[in-house]
Structure formats: C-alpha cells, structure tokens
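Q: The chain contents come next:
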Amino acid sequence: MRTRVWSRHVLLLSSALLLTGCNLVQSPLNPVSPQARDLLWLFWIFSAVLAAIWLAVMLALLMSLRARRDVGTDPLAADPHRESRATMLVAGLAVATGLTVLVLTGLSFAGQRRLFGNETAAVTIRVLGHQWWWEFQYEDPDPSRRFNTANEIHVPVGQPVLIKLESTDVIHSFWVPSLMGKVDLIPGRQNILRFTAERAGIYRGQCAEFCGLQHAKMGMLVVVDEPEAFAQWRDAQVQPRLEPATDEARAGEQAFVAAPCSMCHQVRGTGAAGRNGPELTHVGSRRTLAAGTLPMSRGNLAAWIVDPHGIKPGVNMPLVKLDPGELNTISAYLEGLK
Amino acid sequence: MSDAATASRDLRDTGLDGPVLNTRLACVWGTPKGVIGWLSSVDHKVIGRRYIITAFLFLFLGGLTAIVMRLQLAQPENKLVGPDTYNQLFTMHGSTMMFLFGVPIGEAMAVYLVPLIVGTRNIAFPRLNAFSYWVYLFGGMFLWVSFLLNIGPDVGWFAYVPLSGPEYSPGKRADVWAQMITFTELSGLAVAIEIIVTVLKQRAPGMSLDRIPLFVWALFVNSFIIIFALPAVMIASTFLILDRLIGTQLFNPAEGGDALLFQHLFWFFGHPEVYIIFLPGTAFVSAIIPTFARREIFGYLALVLSLIATGFLSFGLWVHHMFTTGLPQLGAAFFTASSMLIAIPNGLQIFCWIATLWDGRPVWRTPLLFVCGFFFIFVAGGLSGIMLASVPIDTQVHDTYFVVAHFHYVLIGGNVFPLLAAIYYWFPKFTGRMMSERLGRWNFWLAFIGFNVAFFPMHISGLMGMPRRVYTYGPEMGWGDLQLLSTAGALMLFASFVVFLWNVVASVRGGEVAGSNPWGAGTLEWAAASPPAPQNFDHIPFVTHREPLWAERSGLPVVTGLSTRHRELVVSSVAEAEPQLRETSPAPSIWPLIAALAVGATFIGSIFTPHAVLWGAPPIAAALTGWFWPKNTPEDEE
Amino acid sequence: MRSHALIALLAGAALVGCQREERQARPSPVGSETQEQVALAPLSPGEPGPTTYTSGKAKEFEGNAYHLSQGKKLFVWFNCNGCHGSGGGGMGPALMDDRWIYGGSIENIVQTIREGRPNGMPSFRGRVPDDQIWELAAYVRSMSGNAPSSAAPARSDSLHSHPAENRQSPSPPIAGGIVPPSAEKPQ
Chain A
1 MRTRVWSRHV LLLSSALLLT GCNLVQSPLN PVSPQARDLL WLFWIFSAVL AAIWLAVMLA
61 LLMSLRARRD VGTDPLAADP HRESRATMLV AGLAVATGLT VLVLTGLSFA GQRRLFGNET
121 AAVTIRVLGH QWWWEFQYED PDPSRRFNTA NEIHVPVGQP VLIKLESTDV IHSFWVPSLM
181 GKVDLIPGRQ NILRFTAERA GIYRGQCAEF CGLQHAKMGM LVVVDEPEAF AQWRDAQVQP
241 RLEPATDEAR AGEQAFVAAP CSMCHQVRGT GAAGRNGPEL THVGSRRTLA AGTLPMSRGN
301 LAAWIVDPHG IKPGVNMPLV KLDPGELNTI SAYLEGLK
Chain B
339 MSDAATASRD LRDTGLDGPV LNTRLACVWG TPKGVIGWLS SVDHKVIGRR YIITAFLFLF
399 LGGLTAIVMR LQLAQPENKL VGPDTYNQLF TMHGSTMMFL FGVPIGEAMA VYLVPLIVGT
459 RNIAFPRLNA FSYWVYLFGG MFLWVSFLLN IGPDVGWFAY VPLSGPEYSP GKRADVWAQM
519 ITFTELSGLA VAIEIIVTVL KQRAPGMSLD RIPLFVWALF VNSFIIIFAL PAVMIASTFL
579 ILDRLIGTQL FNPAEGGDAL LFQHLFWFFG HPEVYIIFLP GTAFVSAIIP TFARREIFGY
639 LALVLSLIAT GFLSFGLWVH HMFTTGLPQL GAAFFTASSM LIAIPNGLQI FCWIATLWDG
699 RPVWRTPLLF VCGFFFIFVA GGLSGIMLAS VPIDTQVHDT YFVVAHFHYV LIGGNVFPLL
759 AAIYYWFPKF TGRMMSERLG RWNFWLAFIG FNVAFFPMHI SGLMGMPRRV YTYGPEMGWG
819 DLQLLSTAGA LMLFASFVVF LWNVVASVRG GEVAGSNPWG AGTLEWAAAS PPAPQNFDHI
879 PFVTHREPLW AERSGLPVVT GLSTRHRELV VSSVAEAEPQ LRETSPAPSI WPLIAALAVG
939 ATFIGSIFTP HAVLWGAPPI AAALTGWFWP KNTPEDEE
Chain C
977 MRSHALIALL AGAALVGCQR EERQARPSPV GSETQEQVAL APLSPGEPGP TTYTSGKAKE
1037 FEGNAYHLSQ GKKLFVWFNC NGCHGSGGGG MGPALMDDRW IYGGSIENIV QTIREGRPNG
1097 MPSFRGRVPD DQIWELAAYV RSMSGNAPSS AAPARSDSLH SHPAENRQSP SPPIAGGIVP
1157 PSAEKPQ
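Protein sequence lines, in the order shown, are assigned to chains A, B and C.
No gaps in the numbering here: position 19 of the first sequence is 19 in my numbering, and each next residue is one more.
Just remember that my numbering sits 338 ahead of the position in the second sequence, which is counted from 1.
Just remember that my numbering sits 976 ahead of the position in the third sequence, which is counted from 1.
Calculated directly from the structure, the hints in this document are not laboratory data.
For glycine and all other residues, C-beta sits at the position ideal for the given N, C-alpha and C.
Examples of chain B residues toward chain C, derived with CB under 7 Å:
(1) Pro504
(2) Glu505
(3) Arg582
(4) Gly585
(5) Glu593
(6) Phe946
These stretches of chain A come out as covered by chain B in the derived footprint (C-beta under 8 Å, 3 or more residues):
(7) 50–60
(8) 78–92
(9) 177–183
(10) 186–193
Please put together the full structure from these sequences, using the hints given.
A: Set out below in structure tokens:
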C-alpha cells in the first residue's frame, strides 16, 4: 500500500519534469515499468537523504569558519572540556554515519531483490549485440513463429518480457532507461534482463558500454503495444517480405538482389540471404534507420545507402557503387517492405 | 691525542655551526653543475621538482584534450572532430589524468616533502628515485608522441577486452596504452617503496609513530595501497600485450579465457587507484588545516585509523565498477555493503577536519579557500558515490554522464583542489617566494565556479539518458543545452589554470620574498631554509611533539655527530625513532638515467616483438651493473 | 637536449608506423574497379618475365592494420572459409601456403576474387565492393605471412582454428604455379 502511494508521488514528480520540457524519451526519470519505478523511487530517497547530509556538512563548515572570539594565540593550547565534548560529538556523528549507511544499504538490498525477479515471461527476445547495431531474435516454442529483426522491438503492455543478452563481438550494454536498468552483453556469456511495460508508447534505448567508433549511434526503440496490436505486429513480422506493389519497387527488388546488398542483408522471400548486417525483411515498418540514427523515410534510406560513412563514419557497411536509377528503385523497394 | 680528537671533530658536525657548516654540507650534498650533473642528480628536491613540473605538464595536456572534447560536445551533431579522433581524445584524457597526473603528482609531492617533514637529508634509495622519474617521463612521452603521430590508443582509459583485444583493435595503438602502464606503474612502485622505507627508518630521532604528521601518514598508507594495487594492472596490461602479440588466449572465451577476467584484474587496481589519487589530497588537507586554523589537528588517532581503514577497505570495493556485467546478485550486494562502508572512515576524516576548523581561528588565504572548495566538491562527489554503490541505482546511471559527474567531483574535488592549496602553501618553501594572493583568489573563484558549472549539469545529463564516451548526439535528445553549459564551465575552469600558471611564473621571480616559515606552521619542513639547502637541515632535528615548531618556540633541539665529509643520514627505529646508525647516502650517478633508457627501449620494443626482451636484457644488466658497482665510499671509523 | 634527441628517434620509428595505423573513417567515393594487368603464368618469350601493370592501390592496403583486420572479418562474413577453411583449404585450395595456381601477388588475388576461377571459385565482381576485395586480398596474403607482422591480425577471438597471421613466417609465392588438385585426381 505504501509503495503504491510512493509510486504515485514519483510518477507525479516525473510527469512534472516532463511538462517542464525536459526530453525524457530515454531517461530513468520517466519510468513505465515497475522495475524502473522502483529504481527511481530508490534514487529519490537516496538523493534526498544524501543531499540533506551534504547541506548539513556545508552548514557545519560555514559555522566553523566564523572567526573565533576566545581562542588564544598558542596553537597547542586546547581546552580539555571542549576537546572531550568535540570527541563525543564526532564519535556520535561517525556512529550516525554508520547507521545511515546501514539503512541505505538495506534499502538498496530490498530494491535489488525486487529488480531481479524471475516471473515467467510472455515474450522472450534474444539480443545479439553487433558493432554498431542490435539483432533481435524473437523466440517461440513453435519454430515457424520465430523471426529476426533489428534495432526495434515491440512488446505487449502489461506482460513480462524476458531479454537474453549475448554479444557477437565486443562488450555492449542494453539500456532502455524507462523500462529497466542496463545489463551488459559480454562475449562468451549470456545475461538476463526482465521488465514489464505498464504503459503503451515508444521508448528509446542506447548502447551504454563503449564499443568502438560508432558507440554513440547505437540506439534502439522499444515500442510498447496493446496486446492485439502486438499480436498483429508479430504475425506480420513472421511473414516473408511483402510483395513489391509498384513497378519501381519490383525493379528495386531485382537491383537489391543483384547488388552487393544481398551479400550482407536478408530479405526473406527473396534470394538475399546475408546474415552480416541487419535483417531488412520488414525494414519499412521500423521507425528509425541505422540503429536509431535517422527517422525512417525513403529519402533517408537513399541517403544512408549512398553515404553511410557520412552519417556514421567507420560503420561496417561499405560504400556501394550504384547508379541513380538503382538507388531510387532500391530505396522505394525498401520503404515498401512494411 | 688532541690532534686526532680535533681531526675527528672536524669530520663531523658536532662542533660546527652557522655558515661554515652550511657551506660544507651544501658542498657535500649538492648536485654537481653542468648538464651531466643535472642528469645525474639524486637530490630528492631536484627530482621532486622535476616530477611536479612534469605532472603539471601532463595535467595541462590532459586539460587540452578535455577542452577539445567539450567543444565537440557543445552542440549536437558537431563536426569539430570525428569519432576516431574523439575516441583517442577521451582515451588520452583519462589515461593522462589517471596514470600520468593523478598518481604521479601525489608521489611528486611526497618525494619532495616527506624527507623534509620527517627530518632527514634525502629520501631512501635516491638513485632508484632518479630512475623512477626517468621511467615516468619516458612512459608519458611514449604515450603522447604516439598520440601526436596518430598512433595513440582509442579504447578508453580502461581498455576493456575484447574491444582492445587483437581482433577489434588492429595495429599497435592498444599496445601503446598497455605498455605506458608498465612504465608508469614501475615508476610508481619504486617511489612507494622509497616512501615506506623513508618513513619507517629515516625519521628524525624522537619522531615516534604517534608524532608522525598526518601528511606523512597519508602518503605512507598511500604507498602501501600502491604496492598492492599496481601489480594487478601491470598483470592486466601485460596479459593484454601477450594476447595481442604472441597469441595467448587469456581473454578469449572461445578458448577458455574470459573477457571479465580483464575487468576484475583492472578494477582490483582501479578502485584502489582512485584512493591512491585521493589520499595525497587528504595529506595536503591535513597539513594545511592546522596551519590555517591556528590549532593542532583534532582527532589525530581517529584520522590515522581512518587512513589505515581506507587503505584496507579500498581493496574490497572493485566489483562496484562491474555491477552491470551480470555477476551473481549476492556477490554484487556484498560490494554494495563494502562500498557504503568506506563512507565511515571518510566521513570521520571530514568531521575531524571540520572540528579542527571549528575550534580554531581561520586565516583567510588562498590555501584555505581551496580547502573549502575541496569540502564543497569532494563531499558532494562522495555522496553521489554512495548512490552509485547501490546496485539498483547503478544499473541506471552506470556509464552515463552521472558517473562522469561523480568521478570528476571526487577526483577534482579530492585531488586537484587540495593540490592547488598545497602548491600555494608550499610554494614559498620550494622557491623562497610567496605566490600572489590576488591572483590566487581569481584562480580559486574561476576554478570553483567553472568546475561546478561544468560538472553539475552532467548529473542531469546522465539522468536524461546521455551515455558516456559518445562523440556526438542527436538534436532530438534534448541534451544540447546542458552540454553547452558544461562547455562554458569547462572553459572557465581551464582559464583558472591559465591564471594559476601565470601566478606561478610571475611569482617565481617577482613574488614577495618568504622566510623559512611564512605561514607560522608547526611541522619540520618549515625549519629548513626556503628553498631548502641541499642537505635540508644543518643538524638533524630532535622531535619532542607532533608539531615540533610550535612546541619548541625557542629553537629546535638537534642531533649532532653526522659526517661533514661525505653524505650521511640517521637511520632510526621503526616505532620510537631511536637513532640506530649513521647511514651513507648515495652520491649523484648517471646510471639511473642509463638504466631507464635501457628499460624504456626494451619496453617499447617489446610491443613489436618478443625478441626485444631478449635483446634488451643485456643493456639493462650492464646498466644495473654500473649502478651497483661498489664505490668504495669511506665509512667513518669512529 | 636529451629529450629532443629522444623525440626525434621516436618520431622516426613511429613515422614508419604511420601507414600501418592509418584509418579512414570515411573512405573516398567509389569509382570503378582499379585496372590491374597481371600475368597468370611466369613465362614469356625472352627476358625478363611477363610485363605487368599495377595501379598502385596495393600500397594503401598491404601494410595497413585496419584494412587487414577488416579483411579478416570479411573472410568469415562472405563465407570464404566455407571452401578455403581457415586457410588450410577444403573444397578450395589452401591459402596459407606458398603454392598459388593463379598467382600469389596481391593483384593476382584481387583479380581472382573479381573474376572467379575455373573449378569452383565464384566471381565476386559487383557483389563485393572493390575496396573490400582489396581488403580480402591483403588479408589472404597475410595468411601466408606476407604482411608486416606489426600490421597483420593477431589471434582471433574465436576458436583457434589457424595460427595467428602475425606469427606466420613469410612464405613468398613460388613462381610457376602448380598442377591444380582437380587435374591430379581422377574425375
């Protein structure tokens, strides 16, 4: 019950921050899961206690710097009465510090226990970190319902989600602050992260462990859908690519498969079956491009293809020689892959 | 008979005094003139001064990298520097500040001041001292020359594998980083050993353990932390070089290694490292507060015990840098408890210092201003550290600008502000001149305001989701305003250092002339001249109190009987400092420099080929042979 | 004075390493493929050997650590190890040795990747951008120790399937080629 009251206060506070114009799309101050809310509650408690302690210490410092009136000139002269009083005071403060630390530690332990639970998950996603994009594999007991996507995941509201974290190259860190604290992706081991989103919306995450040249632009989106919308999205993702609707898109598909694109990217339902870069079967349905760097649009697709190193210098995607016709048709095709 | 007696008295300082004794001792203890003499000096003051100047040079270089980074981050999608350059910049910034400035500056001040404060003539193992300086200089030059030639490391100052491993860091850049560590850690270990031996065995007679000034205690405990922590990072960096050069599989999970092994080894050093950087700050504060509060320090025993407790506890915290790596929760919780526990000795120190000020009479000069800045900033940083100690909170703010703010608060607040106070305090001792008070106030206020404007907003940036080590960010993230503010503050902070440099340069020649004790302080270094004569003291003092100059107003009692013909100092017992023997102190020697060159060449070569170790060993052996060749120094028979 | 000399010495040593450490985060725009006129046989009438013409692009890639490490990555990504193993061969010939059916200079290897070769080597022209073909060729050369050891990749971060390239002693290509294995065995 008390937690409920507190969490409402916390939500109010963070909404106030939102209203002040702080952009909280990727922020622990904008919690939408019980895990993130617990974390924020703990953070505010610690901040309040510690800020009070800091103020007290500064006050003591200020008071100690007032000019003394009755001190003699001999620096070694010390009033034993004052000394013993000061000793008791300092000893008492040390004990108080110890008690405060004990309480804060206890609060931290309690928070830690709540954070790392083990409820059964409704959705399980296996994350593979790459230099500098996210590969997501949706797991399912039925193999025909499994699929891969990249850089954007959808999860249902109100249902527990389990994320399994692995890395294919260097250490990355999966961090979507509105949903949960960060956990690292470390080559050679699999880490686990759980959350339950309580509110629909779009929340941004970013890699939080330095992983090389484009660590700064390794973002991701988590889209929290109502359960029906999520089921629809999932069914669509399982399907191979949408048939290209226009002539331009058809030409684009042919160009895509003939060009170097197919060596690294996969579009299920065509001959392009490369596994080195993000899967593009439903790339048009994503809201961003290049791991959260650009909003999805035909123009941005063309810009990315024609000059990836201008946008993300150092990426593994090479400069590919395409003539303008091919570029046009391929970007039309990819935009249509919803 | 009387001739022999007179002759033997002339050999020692017993009957001599005043200018005669002074010039004779200065002749014996002085550094020879000329370039070779300058290169072969073993005087701890000469070497200490070199160390301090070199460390400040690296501080400035590190500050320049910071300014470029801040200019790049001032606006979203800025194109001042690209990702490759930015990655090199923050790697150089962290490595320079932590390895080439943070640790060496504490050692530098220790090398200069500890022998003076314990009342001896030179540091223990003076030639090792010279060697350690050269190794430090070569290591720092190696890193910076590589950076300026575009071969600098770009993997962060803690260079996690596999990013810094053979597959994801091609070329020799990460090896430069790893070998620089070997240089600086060798140098650090050497100085730590010297400090421990000096403090244990070369104290002035009468300076029992409970009369050792807190400055010395802090640097003594610090030296133990150095000895136990530095080998861990040498191992980590050497393993990295082995993996990269000769194909060991230490950090390769596919072949039985572990990427987390590097993190454990590194942070086992890395956490004590920040205490190695902080403890000299406590040393400076403990020395300055009694002088500027005009009373003896309060709670001497509590402060000593806090220092020792901090030393031990600092080795039990390292996993708090690894809370997000997926380690078992129970283990992580243990480290939460230990990380919070260290707040108790640190808090005790703060309370004792404030109690000293409370009961004293503040003398408002620049050193006290910087000490107040230390309290304001360091306590804030320490408290944000308590937040980070909690595993749940850490999972949100780890690797964000919140952590960047935290560690700059504790490191700049806990090391740089006390350091500036210390320079203003001991500058008269080093140079014989006072620094300008007016410029000092400008220095302080620019630094204090600039620092807070630069780093406080970073707490908020981190809470708004900005991760560390990003070379740019999108305008839609909303971080631009705070980053611009931080940049403005950083520029102000840099300006304060320019003012500091100006103050130093102007005061060296034109400052007000200072006597031997311009602040009216109580510890032994203020009994020596300003600047001290090569022999430090004409007669070794005899200590009867924790603040000898305050206790013995009419003149220090002294110990006589040391030779005036060759370099001699007193070796005393560990606990009560009873004089035990007269020990010969080594004369100037060029061999430390030659040995350092041989060691440096071997280290640098060994990142290219393992054969460098083979080919480097004979020159090193030759240099060491020259170093240790018996010199036939005459010992006094009486 | 001493420090000046030392700086000069270090600078000299390091300038040599500059080419090794060059890293273009933003490569120049893609043109058409470079023109390499190589010979597949070491014979030609009269002295000296065959006339060849190379574009000089090899210099940018051969001793460059970044390009070599990218080549190593691409070797796995484009499934070269599906036929060539980790350099020891399989369906395709070994790449770690000194025997090259179609020539072992970097330009020859580039042409091999571009054009394909009889008996199973696919043509990658138009499928792999030219710069990446050069990276692959430079890496393949390093597999037989023909890249400077300070630039060559070291051990991989995966199963130890072949010796690290930087610890291979150089095996320069033997001129004259060999009879390909497919011609030795009965069909």
